[in-house]
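Participant: Model the full structure from these sequences, guided by the hints.
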Amino acid sequence: MDPIVSIIIPTFNRAHTLERAIQSLIDQTYRYWECLVVDDFSQDSTKELVFSIADKESRIQYFENIEKGSNPARNLGLKKSKGNYVVFLDSDDALEPRMIEESLDIIEKTRQADLAISYTNIFKNGSLSMVSDLVRSENLLLDFLIKKITWPLNSALIRKDFLISNHIKFRPNLLNGQDYCFFLSIISNKPKIVFTNKALSVNYHLDGEPKNVKISAGDTMEYKWSRFRSRNLAFEIAFRHLSIFEFFEFIPYFTKYQTGLILDMVKSRF
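For the working numbering, count along the sequence shown from 1 and bump the result up by 984.
Please note that a few of the clues may not be correct.
With a straight-line cut-off of 20 Å between C-alpha atoms, the simulated SDA-like cross-links for lysine to any residue are [stated by the list, open to error]:
{"hint": "1", "residue 1": "Lys1182", "residue 2": "Ser1116"}
{"hint": "2", "residue 1": "Lys1131", "residue 2": "Arg1224"}
{"hint": "3", "residue 1": "Lys1208", "residue 2": "Gln1242"}
{"hint": "4", "residue 1": "Lys1040", "residue 2": "Ser1008"}
{"hint": "5", "residue 1": "Lys1208", "residue 2": "Gly1053"}
{"hint": "6", "residue 1": "Lys1040", "residue 2": "Ser1029"}
{"hint": "7", "residue 1": "Lys1176", "residue 2": "Pro987"}
{"hint": "8", "residue 1": "Lys1153", "residue 2": "Asn1068"}
{"hint": "9", "residue 1": "Lys1063", "residue 2": "Ile1050"}
{"hint": "10", "residue 1": "Lys1066", "residue 2": "Glu1018"}
{"hint": "11", "residue 1": "Lys1153", "residue 2": "Asn1216"}
{"hint": "12", "residue 1": "Lys1153", "residue 2": "Leu1060"}
{"hint": "13", "residue 1": "Lys1176", "residue 2": "Ile1090"}
{"hint": "14", "residue 1": "Lys1031", "residue 2": "Glu1041"}
{"hint": "15", "residue 1": "Lys1132", "residue 2": "Leu1217"}
{"hint": "16", "residue 1": "Lys1132", "residue 2": "Ser1116"}
{"hint": "17", "residue 1": "Lys1144", "residue 2": "Ser1169"}
{"hint": "18", "residue 1": "Lys1064", "residue 2": "Arg1043"}
{"hint": "19", "residue 1": "Lys1174", "residue 2": "Phe1223"}
{"hint": "20", "residue 1": "Lys1240", "residue 2": "Arg1215"}
{"hint": "21", "residue 1": "Lys1182", "residue 2": "Arg1120"}
{"hint": "22", "residue 1": "Lys1066", "residue 2": "Tyr1016"}
{"hint": "23", "residue 1": "Lys1208", "residue 2": "Ser1252"}
{"hint": "24", "residue 1": "Lys1240", "residue 2": "Ser1210"}
{"hint": "25", "residue 1": "Lys1052", "residue 2": "Glu1206"}
{"hint": "26", "residue 1": "Lys1144", "residue 2": "Arg1015"}
Just so you know, the hints here were simulated from the structure itself, not pulled from any lab data.
Facilitator: Structural data, given as structure tokens:
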């Protein structure tokens, strides 16, 4: 039996981009998937849009997660999903047509792989701006901790059993650094990872429009506290999992980042 892939889309007031995200799933060359749209109490036409698409496409499902944020929405989608694998897709991004098929093919060939990572096409203001940087590393955890490597969330196809057995979820209290902390939780549990050399996901960036529409310009104190908490989590993971030599390589990055953030918070507060 062909495995099912669950694509989880949290959304808030993104009807103008959500249709593009869903269409990128309908265009997939692999057909055994389900899409769970988790709506965080949108005030636009999101609900009507999803139901109009679901009337024609039975693989689309709609859930409400009233004003709890994108991370609880992702966790609800994971809980409701029925697939063997999951992909987390933001409602303003997309997948390339062969993303599921090619990621699943390489992960299934290795039999024991827990996730597949691909490159990402990054569009800015409608034009292809760049392809995501280095995807893999010989010292993956350290390089991810110091952000030498980053993975867009929709670049990963993940075995659901790996997330469940290791109790990996998105942290509800984070407004910033969600992807960073989620992937750190995965990497610190030593998964078997396979990589593709193709760009199979798409990220869109528009000047003046934040990726999280609930945060205005990323300058609220709550947002800054969230950044602070995400780096403290990184410190905890570094302390628990890095060697002594790696840990002291991580410390300068952590100290510089947190010091700058603390000074910024003090300046904003006083």
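Participant: Run every hint past the structure and note whether it holds.
Facilitator: Results for each hint:
no., hint, in the structure
1, Lys1182 x Ser1116, "10 Å, holds"
2, Lys1131 x Arg1224, "18 Å, holds"
3, Lys1208 x Gln1242, "11 Å, holds"
4, Lys1040 x Ser1008, "15 Å, holds"
5, Lys1208 x Gly1053, "16 Å, holds"
6, Lys1040 x Ser1029, "18 Å, holds"
7, Lys1176 x Pro987, "19 Å, holds"
8, Lys1153 x Asn1068, "16 Å, holds"
9, Lys1063 x Ile1050, "16 Å, holds"
10, Lys1066 x Glu1018, "8 Å, holds"
11, Lys1153 x Asn1216, "17 Å, holds"
12, Lys1153 x Leu1060, "10 Å, holds"
13, Lys1176 x Ile1090, "12 Å, holds"
14, Lys1031 x Glu1041, "15 Å, holds"
15, Lys1132 x Leu1217, "17 Å, holds"
16, Lys1132 x Ser1116, "12 Å, holds"
17, Lys1144 x Ser1169, "14 Å, holds"
18, Lys1064 x Arg1043, "14 Å, holds"
19, Lys1174 x Phe1223, "16 Å, holds"
20, Lys1240 x Arg1215, "11 Å, holds"
21, Lys1182 x Arg1120, "13 Å, holds"
22, Lys1066 x Tyr1016, "11 Å, holds"
23, Lys1208 x Ser1252, "10 Å, holds"
24, Lys1240 x Ser1210, "17 Å, holds"
25, Lys1052 x Glu1206, "15 Å, holds"
26, Lys1144 x Arg1015, "18 Å, holds"
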